[in-house]
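Heads up: the sequence lines are chains X and Y, in that order. For the first sequence, the working numbering begins at 12 and goes up steadily by one. For the second sequence, the working numbering begins at 41 and goes up steadily by one.
Think of the hints as simulated: they come from the structure by calculation, not from any bench. Glycine included, each C-beta is placed from N, C-alpha and C at the ideal position. One thing to keep in mind: the hints can contain errors.
Dumping the calculated DSS-like pairs for lysine-lysine here, alpha-carbon to alpha-carbon at most 27 Å [to be verified]:
| no. | chain 1 | residue 1 | chain 2 | residue 2 |
| --- | --- | --- | --- | --- |
| 1 | X | Lys-71 | Y | Lys-198 |
| 2 | Y | Lys-261 | Y | Lys-85 |
| 3 | X | Lys-190 | X | Lys-169 |
| 4 | X | Lys-75 | Y | Lys-233 |
| 5 | X | Lys-57 | Y | Lys-261 |
| 6 | Y | Lys-68 | X | Lys-57 |
| 7 | X | Lys-75 | Y | Lys-98 |
Residues of chain X clear of chain Y, computed beta-carbon distances all greater than 10 Å [stated by the list, open to error]:
| no. | residue |
| --- | --- |
| 8 | Gln-158 |
| 9 | Glu-159 |
| 10 | Lys-287 |
| 11 | Gln-450 |
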Amino acid sequence: MRIEDIADPNSQEFDDIQVLNVDNSTFMRITPDIFRKAANKLFEVKNNWPFLQLLNHTYKYCRKCNNCSDRCPIFIESGRKEPYRPSYRAEVLRRMLEGRLEINPTSLRRLAELAYRCNICRRCAQACMIGADNGLIAREIRKLFSQEWGIAPDALHKNGTMKHLKRGSSTGMNPDGFKHMVAYIESQIPEYFGRPLKIPVDEEGAEYLFVNNAGEFISWPHNLLAYTILFALFEISWTLSSELMAYDAVNYGVWYDDFQFLRTAMKHAGNAASLKTKKVLIGECGHAHKCTIALIDRLPIGYKRESVLLLLEEKVGKYRHLFNSFANPYPITLHDPCNISRMLGIYEPQRNVLKQVVRDFREMVPNRADNYCCGGGSGLAIMRDAPIKKWRKEVAGAKKMKQILEVFSDVPNEKIKYVCAPCSNCKAQLRDLLEDNTQNIRYIGLAEVVCNSLDGLKKPLLDGEL
Amino acid sequence: MELKVFIWLTTGFILGAYGFFIVDWLNKPPHLRWELYPINQSFWKLALGNITFREYFKRQPVYGVSLWAWHMGFILAMFFHFLTLIHAPTLILQIAGYASFALGTVGSILVCLNRTFDPGLRLYAVPKHYITYVVTFIFFFTGALSCKYDPGLVDYQKFWFNIFNTAPVEISMLTTVHIVLFGLFMLYITTTKWIHYILRFFAHYFILWDDRPVSPKTAEKIGDLMNLRTTWNGPHHYNGSWMNEATRRLNFKEDKQDEN
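All chains, please: the whole structure from these sequences, using the hints.
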């Protein structure tokens with residue numbers, strides 16, 4: 012194929028799946044001049060100062076050497092399809108702006124779509140000798156279409172950031188719903204722990220305001236239950252907040268729109284201040300980690316943040332006597348969420364924790380900052396339509412699935428095995444990846460594994476269902 | 041004398057242009073934190089990457105060899121000219137010069153062949169790639185020819201020894217042609233993106249490996265940038281300043297569209 016095929020309506024390489032659910036008519040109003048004028052905003056300080064430096068560096072200095080291609084699990088698992096090559100999107104944008112590629116509704120729609128065929132895992136950038144980041148380019152293209160024309164997947168925008176900003180959570184959960192959910196989880200604690208524990212909500216002056224992905228409360232309530240038990244044993248002063256948005260730490264804006272990202276981050280900052288807690292403790296959510304610890308760091312948003320993974324490492328080490336690794340006899344491997352490992356460098360704490368509470372800990376290869384994305388990164392995991400789900404499983408997540416099968420290849424099928432993933436988004440993807448597996452492989456969060464190894468737990472968390 | 045002036049001007053031009061590119065890069069506003077781990081790898085490891093091409097040998101060994109030869113041609117050419125300026129012994133000059141012109145000549149042919157026959161690389165090729173291969177080939181090849189006819193590099197040494205004075209220097213036609221091409225080559229370099237050899241250090245130290253705490257100067261700069269007025273036209277934007285956009289109440293244009 013040729014780069015120019017993207018503008019050819021008859022080309023068969025591009026339209027297998029769609030996440031934007033828009034046809035060419037949406038792009039009819041975008042003439043070549045309008046497109047170039049809008050795209051040039053990406054290179055203006057006033058319109059794109061937060062990412063201008065690296066965008067400009069990548070756009071100008073990428074040598075098109077393709078050394079990043081083999082680092083991309085999507086490109087490899089697609090059968091090396093050209094549109095999935097990390098440098099393809101950037102080259103299309105480059106040629107469009109230089110007038111060397113036809114700008115028509117077909118090419119614009121496909122470019123917008125292709126920006127969502129990347130997990131923005133930035134594995135490609137690690138291989139680049141000159142420091143170009145084609146993952147960032149995918150994000151910049153998403154931004155262009157969203158910020159200029161409001162073109163973004165409903166899962167991220169209408170049902171994502173907009174719902175989050177208006178109703179308090181991208182799950183649609185309002186503050187009352189959140190309180191009901193907390194009450195339900197609280198009611199389950201005696202069954203596991205043998206005695207009731209209160210889940211603190213809106214307690215002023217606590218040391219930590221614990222924030223997590225609200226999807227965690229709905230889909231994996233064991234996680235909050237486990238943290239409640241662990242924090243009680245660790246004698247940690249903490250609270251949740253029922254303030255609008257404070258109970259949902261996600262920020263889908265980081266995937267596609269700088270302004271939605273900023274609005275969400277600013278609201279989170281306001282919530283952090285309102286309860287007068289000393290620190291915000293970020294739960295097991297990869298992009299909430301990246302956003303809250305790194306992305307907002309240079310913005311005029313002042314509050315102290317800490318990763319729950321670091322706190323767990325410290326406390327599990329200190330309270331070592333409470334845990335019995337024989338309670339976790341399952342072979343367990345660890346998935347490194349890209350946002351936590353490759354983008355924040357947090358990869359040893361979770362290992363140090365697991366090694367203390369698990370009998371049979373196994374490393375997937377490669378791991379840590381060199382890991383493979385689960386295939387659901389950058390918002391793809393929450394896009395649930397059948398075609399995109401199929402693509403996530405068969406292409407984007409294929410490398411991860413192969414790694415998982417490989418690491419458990421010597422374990423009999425009938426034996427239960429676990430993939431521990433300290434990230435809600437990765438768990439959503441693993442849920443889909445593992446749904447058809449016949450090898451008894453399950454996925455789980457980190458807190459559940461730690462809590463399950465407590466001596467004297469009344470009912471195990473790893474086998475039970477809430 | 042004219043040749044010396046020409047070389048002074050072309051050298052001044054490339055230094056000025058590179059200075060401009062570097063200042064332009066550094067003058068871009070501070071990036072939001074966007075690290076890529078593992079960070080804080082050693083400077084020497086990064087610098088050695090310019091010579092070892094380890095990342096290429098790991099993934100694209102054939103192309104890696106071509107690129108390595110081509111780049112080593114440049115590096116050794118720079119080294120060779122530096123050596124002539126400091127009056128290094130002829131043997132060392134010969135080693136650096138011969139190696140530079142040989143590797144550069146072979147490298148420019150090999151990268152051209154790779155770019156032409158590798159389906160992935162060919163797809164991303166633009167005419168400028170091939171112009172560059174031809175220009176570099178001519179430069180290195182004439183260098184190799186001048187070595188053949190002046191094995192002791194006598195003319196070279198004569199010219200470069202006297203580059204900083206105005207005394208006339210008599211050198212052969214072939215060496216003159218090569219030195220003229222060297223000057224033109226330096227002019228050509230400013231139209232390429234070869235400064236990536238330097239800017240890659242900036243990209244790593246100022247973005248990808250930058251986890252330094254926010255300095256008051258950076259905080260002040262970002263405070264100013266938050267007051268810039270944006271001109272994005274999306275239905276959820278209203279062209280306010282970054283700070284206003286980030287903190288405004290929710291009555292976006294798209295809500296009105298929904299209501300309609």
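Practice task
For the pair we were handed, Lys-68 (chain Y) and Lys-57 (chain X), check the Cα-Cα distance against 27 Å.
Solution key: 11 Å, holds
**Hinted pair Lys-75 (chain X) and Lys-98 (chain Y), Cα distance within 27 Å** = Given that 27 Å is the threshold and the Cα spacing comes to 17 Å, the pair holds.
Chain Y versus Lys-287 (chain X) - minimum CB to CB distance exceeding 10 Å, so not interface: It holds; Lys-287 (chain X) is separated from chain Y by about 21 Å at its closest Cβ, greater than 10 Å.
Agreement of Lys-190 (chain X) and Lys-169 (chain X) with the hint, judged by alpha carbon distance not exceeding 27 Å: 24 Å, holds
Q) Would you say Glu-159 (chain X) is clear of chain Y, with no C-beta pair closer than or equal to 10 Å? A) The assertion about Glu-159 (chain X) is violated, with a minimum of 5 Å to chain Y.
| said: Confirm or reject: Gln-450 (chain X) is not an interface residue toward chain Y, with every Cβ-Cβ distance exceeding 10 Å. | reply: 31 Å, holds
| Regarding the pair Lys-261 (chain Y) and Lys-85 (chain Y), is the alpha-carbon distance no greater than 27 Å? | 32 Å, violated
Starting from Lys-75 (chain X), check that the Cα of Lys-233 (chain Y) is at most 27 Å away, please. Distance ~12 Å between Lys-75 (chain X) and Lys-233 (chain Y) Cα, so the pair holds.
For Gln-158 (chain X), is the shortest CB-to-CB distance to chain Y above 10 Å, so the non-interface label stands?
4 Å, violated
Report task. Decide if the proposed pair is consistent with the structure: Lys-57 (chain X) and Lys-261 (chain Y), CA atoms, cutoff 27 Å inclusive. Result -> 13 Å, holds
Against the 27 Å threshold, does the CA-CA distance of Lys-71 (chain X) and Lys-198 (chain Y) hold or violate the hint? 39 Å, violated
Of the numbered hints stated above, those contradicted by the structure are hints 1, 2, 8 and 9, listed in ascending order.
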